[in-house]
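Engineer: Take a look at the letters that make up each chain.
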Amino acid sequence: MMKYADEEPTEDYLFKIVLIGDSAVGKSNLLARYARNEFYPNSKSTIGVEFQTQTMEIDGKEIKAQIWDTAGQERFRAVTSAYYRGAVGALVVYDISRRQTFENITRWLDELHAYSDMSVVTVLVGNKADLKDAREVSTEEGTALAEAQNLCFVETSALDSTNVQLAFQTLVKEIYNVLSRKVFFYQEQRPDGKLSNGKTVILQEKDVDSAGAPTRKY
Amino acid sequence: MATDKVQEIDKIKGVPDWLNSSVWSSRPSNSSFNRRFDVSDIPWGNAGAQVVLQGSASAVVRDPLQENIVNVVDERSSRGGADSGLNKQEDISICEGNMANKASIQSKCERSDEDARETLLKSDESLSEKYYSSVSDQINDPLSDSWAAPALDLPSIAGHSSPPQFSNLNFKRTSSVDARRSQFYSEISKKVIYLAELQRLASQGIPDVEGLRATVWKLLFGYLPRNRELWESELQKKRSQYAAFKEELLVNPSEVTRRMDEAIGRCIDNDGDNGSGMLRRLEITHGEHPLSLGKSSVWNQFFQDTETTEQIERDVKRTHPDMHFFSGDSGSAIANQEALKRILLIFAKLNPGIRYVQGMNEVVAPLFYVFKTDPDKSNAANAEADTFFCFVELLSDFRDHFCQQLDNSIVGIRSTISNLTALLKRHDEELWRHLEATTKVNPQFYAFRWITLLLTQEFNFPDCLRIWDSLLSNSDGPL
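If you're matching them up, the sequences are chains S and B in order.
For the first sequence, the UniProt record's numbering gives the first residue as 1, with consecutive numbering after it.
For the second sequence, the UniProt record's numbering gives the first residue as 1, with consecutive numbering after it.
Be a bit skeptical, because a hint or two may be false.
[What the hints assert, rightly or not] Derived pair list, reagent style SDA-like, types lysine to any residue, alpha-carbon separation capped at 20 angstroms:
#1 S:Lys182 x S:Thr170
#2 B:Lys238 x B:Arg226
#3 S:Lys44 x B:Asp329
#4 S:Lys44 x B:Gln337
#5 S:Lys173 x S:Thr55
#6 B:Lys341 x S:Gln73
#7 S:Lys44 x B:His320
The hints are simulated quantities; they were obtained by calculation from the structure and are not laboratory data.
All figures in this text were calculated on a predicted structure; none of them were measured in a lab.
Using the sequences and the hints, build the whole thing.
Structural biologist: Laid out in structure tokens, this is it:
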């Protein structure tokens, strides 16, 4: 774990984030819009996994978000078992113009909880908000589900860029906040200040990393 | 049995010496194959292994996959033989109720018997020589069209060396294309085609002329019989069989119930019950009512299929969005998409154990493109049926990769990826170490797509066709 930190000493944090949701809800395009400001009206379906990293700054700290994208069909998640491992954040995406994708959200949340090895900050994303005439899921329904499940919620459009940055930034900030609280708590518990030396906290491994930082159940 | 093996392998993870062990192969010795793939032996001067890796896509592709095949297929050929009934049983239970596949397995077995006999006739030594000579042919005299186009677009792997270089290969592209074409024609115009020779020719690339690739691929799949005289009758048989599949499997349920009603109606008519002037109550059987929960209900089946159909539709729409052949609003693109959808849906219905898995659209696309663009009008018109059967044939070799239940079995995707990793270690230890130890990249993250899609998403389309020439001409199947 420390190897990573040694190699890239400028990053303060590395967050692994997963994109999940039914096939063709626009996961890959959300990522393309966020990471490269691109959009493909007809992009190929994702097979296996792909990922991108994006760096941002919060409180003067550099944070690298490693965002994982995968195929929507169930078959692929079993084989890419490492997909959920170490994830600290998730964007659970549905398509506001296809009701079925919204109805499957609970299934995706169940899976996320079943496979991830730590608590995961989750943002519910209703994508394709530009398809106003074809809307099948109202904003209120999205909000209600998010409240019931205790998630953040945002409607996005990868096509016209609406809220895409916001969705990812909200997620990263929320992870950072949760982590800061935990770190604070941890330092309170252990006043030896060990953490202030090793600033790098990588939320990747199940167990406490070699810097002694808490990486689990923050 | 299979899971035990995998567990055993898991235990010794990272020590892929097991590749040579009897766990994987009933072959007594791997030595000839070691030689066959020891690139440092190949005599092309100072260029060395780098050229293989960077310059020659087919060599890169062939090596790992081919040897992969050796391992997987050793097993399979024993399936065909009498000594191991187990795998065969597995095979058949997976696709129970699947006529097309049963037939293809049968023909597979027959073919692998044949192949086994053919292989027995040759010593391993001659096999390895064949390999050398075919590679050096390519280097010295790159005859095929695609070799002349240096647009191989090889994915560069971070930390590894430079981009493709062809400068030291000295291409001379003269009338060799013609010579090559006539070689093919003389081969396929024989009364009975000698498959091994055709495979040898095709593995070096099939010239892009006059629908040659379509014919050769059909022969390589065994879809066209080796005896030319049987071509016409065989094609006719298969094409009408496909028409029957369409008729049987793609009819919507209201049509089915309408036909039932008609049949019932006719009975009533015969009873002379028609003159009362009252509207007749439709006698829909309980099982066939749209709200029936019965599993056998045509409607229930229909709703179940809807999900598959929608998934297929979404993916077909996203197949090669950059090609007018597959994508856009033109009449032909739409017709082509419809054909792809039907092929995939019929396959899904005939293979309830696998159904449709994302990515199958990518695998079916090259076949359909090649067959549809055949200048022979009758072949082009029947491209859909031909594609279907060749797709079934192609998937019979590696459909296990698409099957989630087999992920951890010896025929599943994980074990194939392990094979690939072991091969990489053997042939390019530096790269292997870089991936395995330095960057700790899980091979699943890159190899999964390579293998399940037979490299179709890794290269541009014309290069894929060229790569498939080699993949399909491997007598042991593509994987």
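Engineer: Hint by hint, work out which the structure violates, then give me just those numbers in ascending order.
Structural biologist: none
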